[in-house]
Amino acid sequence: MNLKKHVLGVLLAIAVPICATAQNVTVKGQVKDDAGEPLALVSVAEPGTTNGTVTDLDGNYSIQVASNATLQYSFMGYTTVTEQVNGRTTINVTLSEDEELLEEIVVIGYGVQRKSDLTGAVASVRSDALKNLATSDAAAALQGKVSGINIINNGAPGEGAKIRVRGYSSNSTNADDISPLYIVDGLQVKSIQYLDPSMIESIEILKDAASAAIYGAQAGNGVVLVTTKKGQEGKGVITYSNKFTRQDFTKRPVMNREEFLRYKNYELGESTVNSDLEKYDYNHPYYANGVIDQDWISGYMEPTWSQQHNLSVSGGNKQGHYFTSINYVYDNGVVRGDKDVYKRLTAQINADYNITKWLQVGSNNSIEKWSTKSVSQRGYRSSFEQMLAMDPLTPVYWTTPEEMSDEVKAMYDKVMALDKSVPAYRFLGDEKGFFANTEYRFTEGTAIARRDITDADNGGFNMNGTLFANLTPIKGLTITSRLGYRLGFGVNHSYEAPYYLGSRGKSDVYSISANASTSWYYQWENFATYDRSFGANNITVMGGMSYRENNTDNVNASSTGTDILSAYYDNFQYLSYVKSDASKSISNAPSRSASLAYFGRLVYSYDNRYSFQANFRADAFDSSKLSTKNRWGYFPSFSAGWTISNESFFKDNLDASTFNFLKLRASWGRNGNVNVLSNYPYASTISVGSTWYQYDVENPGTAYGSGPAKLANPLLTWETSEQLDLGINARFLDNRLTLDVDYYNKHTKDLLFSVPVASEYGFGNMMSNGGDVLNEGWEFEIGWRDRIGDFTYGVSANFTTLHNEVLSLAEGSTPTYQKDASSTNYKVRTAFEPGYSIWYLNGFKYTGIASEDVTYVDDKGETKVLFKKDGPMFEDVNGDNEIGDADMVFLGNTTPTYTYGININLGWKGFDFTLQGTGAGGNSIMPVLHNTGYSNNLKYYLEHSRTEENPNGELPNPKNVTGDFTYWSSSANVFKGDYFRIKQIQLGYTVPADITKKAAISNLRVFVSLDDYFTFTSYPGLDPETASTNSTSGAGLDWGSYPTMQKLMLGCSLSF
Amino acid sequence: MKKILIPVLIGLAFVAVSCQDKLDIPQKGVITPELFYASDDDAEAALVNMYDNYIDNVAGTEGIDNPEQVILNYSADDIYAAGKNFTDHDAFRIFDEFKYDNASGTLFQAYQRYYFAIYHANLVISNFTTENRYQTAPRHESDVTKRCVAEARVMRAYLHMMVALIWNQPPVLDRVYESDEPLPANDKTQEEVLQWVIDECQKAIASGYLPKRDGTTDKNATGRMSVGFAQFIAGKAAVFKNDMATARQYLGDLIESEDYDLIPGSIYWTNFHVDGDGNAEKIFEPNFIQDPTFMSSRWAKGIMRDRWMVANVFDWRIKSLASTPAQCISDGWGGGAIQEDFAQRFYDHDGDSPRRRACFLTEEEFLYEMDWSGSAVNNGTRAEKEKDSKRGIAKDGLFGRGKFFEWKNMVYMAPPAILTKDTTGIEFHRDNVTCGMGDNSNQKNFLVARYAEALLLYAEACIGSADAAKGLAALQKVQKRSGSGKISTELTFEAVMEEKQYEMWFENCRFLDLVRWSKLGKVDLNAIYNTSGIHQNVPTVHDEFNEPDAAGYNTIHRLYVTHDPVPGTSDFIVGKHEYLPFPRDAKTSNPNLHDVLGWAK
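First to last, the protein sequences are chains E and U. Anchor point for the first sequence: position 120 equals 119 in numbering that gives the first Met the number 0, and the numbering is continuous, going up by one each time. Anchor point for the second sequence: position 400 equals 399 in numbering that gives the first Met the number 0, and the numbering is continuous, going up by one each time.
Looking at chain E on its own, in the form it has when it is part of the complex:
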């Protein structure tokens, strides 16, 4: 195609008379690529005229132009360069390869395709965009890079990011059920957290159903295809890089002592507060002037250093390629001490070799060793909730037993006196003293104390890889046989001894557990691709099969009791030393699951103008998911593209340097989501020994009974999504300006509901398919890149809208309400209800402060008070003069309605500068941290309450809302979740090669970077991005989540 285009250019140049003007000069020169090789057939043209030529085989050209003319050098696959002649007669030009351009090859699942031939919506992220990030998680590295995906992060070390492609389609509350399918080098994996971004060549996201349909029943949530790096032909390259990261968290959203006391004075009354201070407050040696003013965020968090190292060796020749890499991550989170640490050592070994002309073999392998320690978050009495709720009047330490509260001191004295009537409690602390607990209220203990209750570690090995052979027996035909495997070994241990932080934060028993998990997975896939051209016709046909099998074999054992170990020294804290008479719990049941698929693809294109693609997949799953009769599913898709810019009417009428490229795409396809099915949901079974009765009236003794476990529905099937995608790709101004727009409309039906059935059948409910969820939106990607002399720059931005709506429920079922925060007494719910976004916030509508008592006359003629003067008022939706469940309404989406990202890259000589930002919005967050009594809370509540100091506050005085969980579950406590975060500001410098070459270094780059340092948000809590509980239905409820850490990163990379 290139040749043809340039030949045309040559002919044009010859055929059209050159319009010479005065003061013509002849400009000569040579065009080379980055590697210094001459480039032939480069178009050299004078924009706005028909004057032009092409370079010869040595890259030389000669052209006559006006001395003040502009010359433009363009060549497919390379960035266009524009030069002012300014009277010069020799202009040498270097063209850089443009990886973003249309000739890029993208991976599409069981094959590759030129980007220009794509008919579906495939986002592609190349290695350049993934490098030099602070994250060690490939999924997190995608944030802000492309449209149509949302990355859900949590700040905790080792907590993998979750990817959501084009919305949220299921009513399942299990977050994993709406994860995309992950494929790494053809191998299906559960997550891509094990892959360091430095090992990745590209990540493709198959967003539309037509592209994903080749993965059938598992592709309903999109497909993420990862391709790891391959060695390049030529001299071997050794690269070493490192990153040293200082992590910290500096936001302080909760009240300090002075603010807290002001708030409590309002809430509880000054006399109560003063008398409590008299009882409990004291001069503490660790605080200025002895006044305890504990910032619990500092009390629990501290700046820490983390590091990453990466060493890779790669190379190749015409016969084969190799890439090996070792990557080490040590990520110590911001919680004080080493209780939140993620360690990972990964090796990647990729190689391929051409044995004969018709046989290529190869293998890609990852070996990962990982371990994590983590602290509790996102829940009732988790350490992060306690960090936010702990009062600033309580110190971190009691320096002596005398400072302890009476309750703890009394117990401490008993334990020290070896009093047998109490367990041998531990009193937690460190070299600076005992960890204190608040005396102002009954609670389970401070975050730092809770950190040390349990010793737990979690770790393991994973080996993932593929072995493949490509046969090319005849021209155009490639047969691939690929064996993929995953081996996983994991172990976790946990040990807890009795401890005492107070009568409410204590344990009287020892508990110990160890779990060993083993899993092995393999897949065997065979497929053949035939590719032929007949004149302007191009046909690709692919067909194949896949068999996948996963096995797990986990052994769990634990013991709990007042005396379970033969001794309690450190070296006895293992299950081997559990006493024979201690109560134990053991479980093991190996499990296997398997699936089988046949798939095929037909691609037809004509004259680079029209392309058409059809995919088909037939999937069958094992009996743990679907009944034998119902196990096969069929997933078709169709897509078409029209490259208008290759039409003659386009070329003839539009200036090729202004409007370079235009393509329209349309696709439709059907996918499934089989994740929601597990554990034989369709099968009627007898639960053995699940019921109990005692026949003897006086003597205990249990007889065990068995009966049907459920009302089975043998017709159960997966969730099915059908998606329409319409897209435009356009390039302007010599490909410097790119614009891609997609519209998507995805309907997911056959969700799994528990629907009521007639009681006479013996059960109240039965699982059934039904309902319909819509995800609809627009995706925009716009980019500009150019070079001005030595200065190169590029700006790209993406923006995605998402309209998510539950359209219907299964017949007979009613809206589902989840109360993820009910243990805090909050009444707020998240609801799955037609007409709204999934799991929207459902609570009370706050209408303001009552200026006087709001009354009503009841049906007996009596006057009753509905809202008290100065208290909060709510909308009485059903008008029954009571504020109850029926008055709970939509308060906001819990999922963003738009996400966006921006990337700016600048380069000048050896310097490079990157600025990346990402944001999301349209969602709401409700903090569920309010507790009665001396519990701390967001400063926001003090600043916005109507008090003597703030008579115009829009929230009621604290005294009128303490413990009023209707109020706390109302719109008064709902905040916008919108945020924009500068993910990275990085400045790098590549030392000139002529200097480094003296040290045999071909490339040396050093950089400094601020990652996640600046966040713009109106959310008054810790972090709008990570605020949510840990299930799909708990999005939007901020219960104390590990925030995104701010990172200062220093690093270097060098290649030999």
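None of these hints come from the bench; they were simulated from the model. There may be inaccurate statements among the hints.
[As the list claims (entries may be wrong)] If we take Cβ atoms under 8 Å as the criterion, some of the chain E residues that face chain U in the derived model are:
id	residue
1	595
2	620
3	630
4	633
5	683
6	685
7	694
8	695
9	704
10	707
11	775
[As the list claims (entries may be wrong)] Computed, partial: chain E to chain U, Cβ under 7 Å:
id	residue
12	696
13	755
14	793
Beta carbons are placed, not taken as given, at the ideal position from N, Cα and C, and that holds for glycine.
Keeping the supplied structure of chain E fixed, place chain U upon it in accordance with the hints.
Chain U in isolation, oriented as in the chain E frame:
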């Protein structure tokens, strides 16, 4: 190339064919229905499953109530939904005042739970007889399976009797119905359903496999279906069908078996507490599980069976008292009061009989004979107690009560001295011995049928018949034991009605009896519910000692009653509210279920 291609293609074909089998993975830890119901052990396991489900569904807790207890007791004219105030037990009050509609959650729960329990009885019958969808022969049959079937048959009959008495024309589920077949319509009349109940009991008795109580000391026969219970159900169903000859036959057989007897009046109260489990008087009450390991490891079942929150409802509201009475375990919600006028009649009739004391206390007993945990003068003089601030009712009083304090269904922390003082040498127990679920739980077996009811049903069946003398003897037996001093000399309807209201108070009987008697013209439901004033004149009892506005404030304890002028009214419609409507949700999911009688209009 062919050398390579052919093996590859064959290989692919081989993989494609052989993989299908690999998709068949058997589930662990369960067995399929096709393998079950095939041995004696399976029959026993299915039977245990039946009892378990019966307790969970009918005899256990649903939320804060036991639906059967709420519907049948609160609909009667002698119990009132009390508590902190008028709105406190709204979900109960709607049955007091007949303000429910077919959307009531309690109503749906009651219906659903009866049919769940019926289904689990049908699993035994349909799998071990030919009484199933395709009349398939059972995979296994033996004396054991026949005994299990006989027990399931009686359970199913008893449950059908209950749904017939509550809904009049319920669907009869005479086998397991599978979810892909239509359900039977409720087109049998109440008489026909009750006749079916009698026939089923007869079938079970006649099989000879039904366990039989071995004398009055055989406790274990009360924890399962027995010949005696089958006779009781057949007899009771016959009485409700107004087929008194049949009733006399079954209840007469029950009485003549001499396997049951009334316990002495001095320990009458134990019928309603742990010490009475399985006593001579009990015909059927499902056992509470006492196995400590069971209780600690399977707490969800424990909660269900110990009627955790039901216990809260029936226990006194200590927050409204001056301190904790010694028999109370912890603060309850005080949700079930004895109706004030009825309590007075009961007191006038029974005086200080052991029966009356087992049911409720008088002002005198409440203030001065009972131990109060906060009091320092429990053994003090009357004068000291009169001025003791740690006894009596706190300010604002107790809503829903007159000067009488019911405790028949209270969970006893310690059996009260008022009840135990007339006995010697017997060690009594608290009602929540083994449970670790919190204090307000009740480990007493759930009372379904006791001999006193059988005697009174028999007496009623004998009125005007040749067996009148036997019937009078049965009535007198109950009267003598009660300690009221009243002994009838003639068997009259009025005598039986009167005695039964006292003897069976708060035991699920009264409302059903009223409906039955109204059909016989013996009572006027409109007068009872709408014009008697029992719902127009709801009392609150106060203690002068603690009411600053009272004349005797802070002098001595003395109770007085105020009446909220019109706190509630009764919406009883004759011809409609005798039976309950079929729940809305039950009709939605079962299109063959239709409203009947007054609800159909």
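Hints and how they fare:
no., hint, in the structure
1, 595, "holds, 5 Å"
2, 620, "holds, 7 Å"
3, 630, "holds, 7 Å"
4, 633, "violated, 16 Å"
5, 683, "holds, 6 Å"
6, 685, "holds, 4 Å"
7, 694, "holds, 6 Å"
8, 695, "holds, 6 Å"
9, 704, "holds, 3 Å"
10, 707, "holds, 7 Å"
11, 775, "violated, 32 Å"
12, 696, "holds, 4 Å"
13, 755, "holds, 5 Å"
14, 793, "violated, 46 Å"
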